[in-house]
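A.B. asks: This is what each chain is made of:
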Amino acid sequence: MPGSPDRHDMPEIPGFVETATLIAPRPEEGPKDHTMVLNMGPQHPSTHGVLRVVLEIDGETVVKLVPDIGYLHTGIEKTCEAKFYQQVVPLTDRIDYLSPMTNNLCYCLAVEKLLQLEIPERAQWMRVLLNELTRLNSHLIWLGTHAMDIGALTVFLYTFREREDILRIFEQVSGQRMMTSYFRIGGLALDLPLGFFDTVQSFIKILPEKIDEYENLLTGNPIFINRLKNVGYLSPENAIAFGVTGPPLRASGVDWDLRRDMPYSSYEKFKFEVPISNDGDVWARYVVRLREMRESVKICQQALDGMPEGPIKADAPHVVLPDREKMKTQMEALIYHFKIVTEGFQVPAGEVYQAVESPRGEMGYYVVSDGTAKPWRVHMRNPSFATLQALETMCVGRLIADVVAVIGSIDIVLGEIDR
Amino acid sequence: MAEALLNKDAVYAGLAQNVAVQALRAAHPDAVTNAKFDRGELTLVIAADAIRAACRTLQRAGYNFFEDVTCVDWYPAEPRFQVTYHILSHKLKERVRLHVMVESIDPSVDSITPVWPSANFYEREVWDLFGVRFNGHPGLRRIMLPEEWDGHPLRKDYPVEGYR
Chain P
0 MPGSPDRHDM PEIPGFVETA TLIAPRPEEG PKDHTMVLNM GPQHPSTHGV
50 LRVVLEIDGE TVVKLVPDIG YLHTGIEKTC EAKFYQQVVP LTDRIDYLSP
100 MTNNLCYCLA VEKLLQLEIP ERAQWMRVLL NELTRLNSHL IWLGTHAMDI
150 GALTVFLYTF REREDILRIF EQVSGQRMMT SYFRIGGLAL DLPLGFFDTV
200 QSFIKILPEK IDEYENLLTG NPIFINRLKN VGYLSPENAI AFGVTGPPLR
250 ASGVDWDLRR DMPYSSYEKF KFEVPISNDG DVWARYVVRL REMRESVKIC
300 QQALDGMPEG PIKADAPHVV LPDREKMKTQ MEALIYHFKI VTEGFQVPAG
350 EVYQAVESPR GEMGYYVVSD GTAKPWRVHM RNPSFATLQA LETMCVGRLI
400 ADVVAVIGSI DIVLGEIDR
Chain Z
0 MAEALLNKDA VYAGLAQNVA VQALRAAHPD AVTNAKFDRG ELTLVIAADA
50 IRAACRTLQR AGYNFFEDVT CVDWYPAEPR FQVTYHILSH KLKERVRLHV
100 MVESIDPSVD SITPVWPSAN FYEREVWDLF GVRFNGHPGL RRIMLPEEWD
150 GHPLRKDYPV EGYR
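One line per chain: the protein sequences are P and Z, in this order. Each residue of the first sequence is one higher than the one before, counting from 0 in numbering that gives the first Met the number 0. Each residue of the second sequence is one higher than the one before, counting from 0 in numbering that gives the first Met the number 0.
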C-alpha cells in the first residue's frame, strides 16, 4: 500500500543542499535602458483574482517579475481573535473560497487537538468524503480556468457543469453552495439528508467519463501541448527552497502528500496513489492534477462503500451544541446550549499546528489558546502564498504569454494569499 | 496521545532519540533555553542570536522543509513577541516548532532567508503585521498593507476595528 508510513525504499528527497547558493538575493535596482516595466493586474482575467505582477521585460522576454499582493487583505487573523472558537468556523470558508470544507476541516482539527476531543468515526469518514469532493470541485475550477487562459474556452463550460453537481451536493448537506461551514468543532453541523449517498454515488459514477471527456479535448490538442510543455520549469530543489507544496511540488518529482505521509481524519484507512511526475513543467502539473482527480474519485468510492454507522458529533456536551429535540425536552441540554452560545467554551491553554493537504498544497492552522473562550492567535499557513514565491524562477527568460500559463498552473487563490 | 513533557529536562530525557533534539543539543548546547512536548508536538525555545545557526543545523539534520514563520503577541508580558517557526522533515515525517522570544523595544531577530529562501514572504508578513524586524532579510517591506500604513495591526494593542 502506498500509504505505509515506514517505506524504507523512499528515494532521497532533495533539499538538504545549501539552498542559499541556489537563489542569491537580488539587489533592488531599476530597469535598464533596453527593458521596460509592465504592470499585469490587479484587474486582469488571467491572474485569478486581484494579483498584481510587475514585469520587467526585454522585448517580450521576462527579465524580472515581482508579485504584489494584499489587495484582498481583510485581516481575518485579527478578526478571529475577537470571536469565540466556534464563531471562527464561518470565517475559514472565506479564506480559500474554492475549498471551504478543507479550511473548515483544518481549523476544526486544530481546535479538537487543543481540546483533545475524540471524533466519531462516521464524522471522520464524512469529512474525508466531503474533502475529496472539495478537491474535485477545486480542480474542476482550476482546469476550466487554466484551459481558458490558454485559449481553450469550451472546457470551462464542461467543468462548470460537473462543478454544479458538487455544489448541489454541498447545498444538500449544509444548505450552502459555497460557504458551507459544515464541519464544526466536535463533528458535523447537521445529520445527513435522506438520499445523500445516492446523489454522491451517481455523481462519482459518471465523473471518470467526464474526466476522459476533458482529456479528449485537451491532452491531445497540439496547441495546448505546445503552450504547456517545457514551460515554467521548477526543479525539486527550488520547489523545496521556495516552500512549494501540493501538486506543483509533486509535479517537480517530490513524493510528498500529507494525506498519506502524515494522515489525519482517518485518511490512513483509504487506499490511493499519489501521482508524481519528474518533468516539473506546466504540463506535469496538468497531468498530476488530472490523475489526482481520478484518485479522489477512488477515495470517495471507498468512503461510500465503507461509511461506518454511528453518531456524527463527539460526546462533549460543553463543546458540541445539543440536538434541537433534546434542547426542548432536557434542562441540561438547554443550559449547555445557552452557555455555548452566550459565553463560548474554554479551551485549555496551549498551541497546536495542524496541517492538511488542500487542493493547492499544505494548509496549516496554528492556533494558540490562553485558556479562554476566544483564541489568542489563529494563523493560517496557506499553500498559494508560498507557491507565489516560486513564480519568478518559473517565468524568467520566458515570454509574457508563458506567465499566464504558469500562473494558471500553480492554481492560486488570492483569498488565501491575502487573508 | 503521548504524555506531555513540559520543561527542557523532561524533553531531553523523554525524547533523547528525537533527531531535532539530538542535533541541537550536540551543535548548540546553550541555544535551547526551554523545551516542551505537548499534544504530540515538539516545541524548542531558541536564544534569539542563535536562530539562524539552529535552523542550519536542523536543515542538515534532515528537517528539509520550512513551513511557516509567524508571531504571537503576548502583550503586556515581556518578552512580548514570540516568533514561531514550523519546520518539517519529509524523511522523518516529523515537525518541529521553534520559538524565539523578542523584547518589545525595537523588536528584531535574524532572518532565516539565507537558510530557507521560502521564509522571505513570511518574514515580510510578520514585519508588516507585527513590526518585528528581520536582520539580513533581502527586501524587508510591507506585503499586505500599503507602504504608508501606520502601525502593525496584529499587535494586541491595535484595536480590532482600527483607529478612528
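These are calculated hints, taken from the structure and not from any lab test. Just so we're clear, the structure is a prediction, and the values are computed from it rather than from any experiment. Ideal placement from N, C-alpha and C gives every residue a C-beta, glycine not left out. Among the clues, some could well be false.
[As the list claims (entries may be wrong)] Cut-off 27 Å, straight-line C-alpha distance, at most; resulting in silico cross-link-like pairs (DSS-like, lysine-lysine):
#, chain 1, residue 1, chain 2, residue 2
1, Z, Lys92, P, Lys297
2, P, Lys373, Z, Lys90
3, Z, Lys90, P, Lys209
4, Z, Lys92, P, Lys270
5, P, Lys228, P, Lys270
6, P, Lys268, Z, Lys7
[Said to hold, decoys possible] Some but not every residue of chain Z turned toward chain P, in silico, with C-beta under 10 Å:
#, residue
7, Ala3
8, Leu4
9, Lys7
10, Arg24
11, Phe65
12, Thr69
13, Pro78
14, Gln81
15, His85
16, Ile104
17, Ser107
18, Asp109
19, Met143
A.B. asks: Between the alpha carbons of P/Lys228 and P/Lys270, is the straight-line distance 27 Å or under?
C.D. replies: 31 Å, violated
A.B. asks: Going by Cβ atoms only, is Z/Pro78 closer than 10 Å to chain P?
C.D. replies: Where the cut-off is 10 Å and the nearest Cβ of chain P is about 16 Å from Z/Pro78, the hint is violated.
A.B. asks: So, as I understand it, the hint says Z/His85 touches chain P; can you test that by seeing if any CB pair is closer than 10 Å?
C.D. replies: 5 Å, holds
A.B. asks: Starting from Z/Lys90, check that the Cα of P/Lys209 is at most 27 Å away, please.
C.D. replies: 37 Å, violated
A.B. asks: Given the proposed pairing of P/Lys373 with Z/Lys90, does the C-alpha separation stay at or below 27 Å?
C.D. replies: The hint is violated at about 36 Å.
A.B. asks: Grab the minimum C-beta distance from Z/Ala3 to chain P and call the hint holds if it beats 10 Å, violated otherwise.
C.D. replies: 9 Å, holds
A.B. asks: Is the hint on Z/Ser107 kept, meaning its closest Cβ partner in chain P is under 10 Å away?
C.D. replies: Since the shortest Cβ distance to chain P is 18 Å, the answer is violated.
A.B. asks: Identify whether the interface hint at Z/Thr69 stands, where standing means a beta carbon of chain P within less than 10 Å of its own.
C.D. replies: Holds - the Cβ of Z/Thr69 comes within 10 Å of chain P, reaching about 4 Å at its closest.
A.B. asks: With 10 Å as the cut and Cβ atoms as the points, is Z/Leu4 at the interface with chain P?
C.D. replies: With a minimum Cβ separation of about 13 Å from chain P (threshold 10 Å), the hint on Z/Leu4 is violated.
A.B. asks: Using 10 Å as the Cβ threshold, decide whether Z/Arg24 counts as touching chain P.
C.D. replies: 20 Å, violated
A.B. asks: With the threshold set at 27 Å, check whether the alpha-carbon distance from P/Lys268 to Z/Lys7 stays at or below it.
C.D. replies: 36 Å, violated
A.B. asks: Checking one constraint from the list: CA of Z/Lys92 to CA of P/Lys270, max 27 Å. Satisfied?
C.D. replies: 19 Å, holds
Against the hints set out earlier in the document, violations occur for numbers 2, 3, 5, 6, 8, 9, 10, 13, 16, 17, 18.
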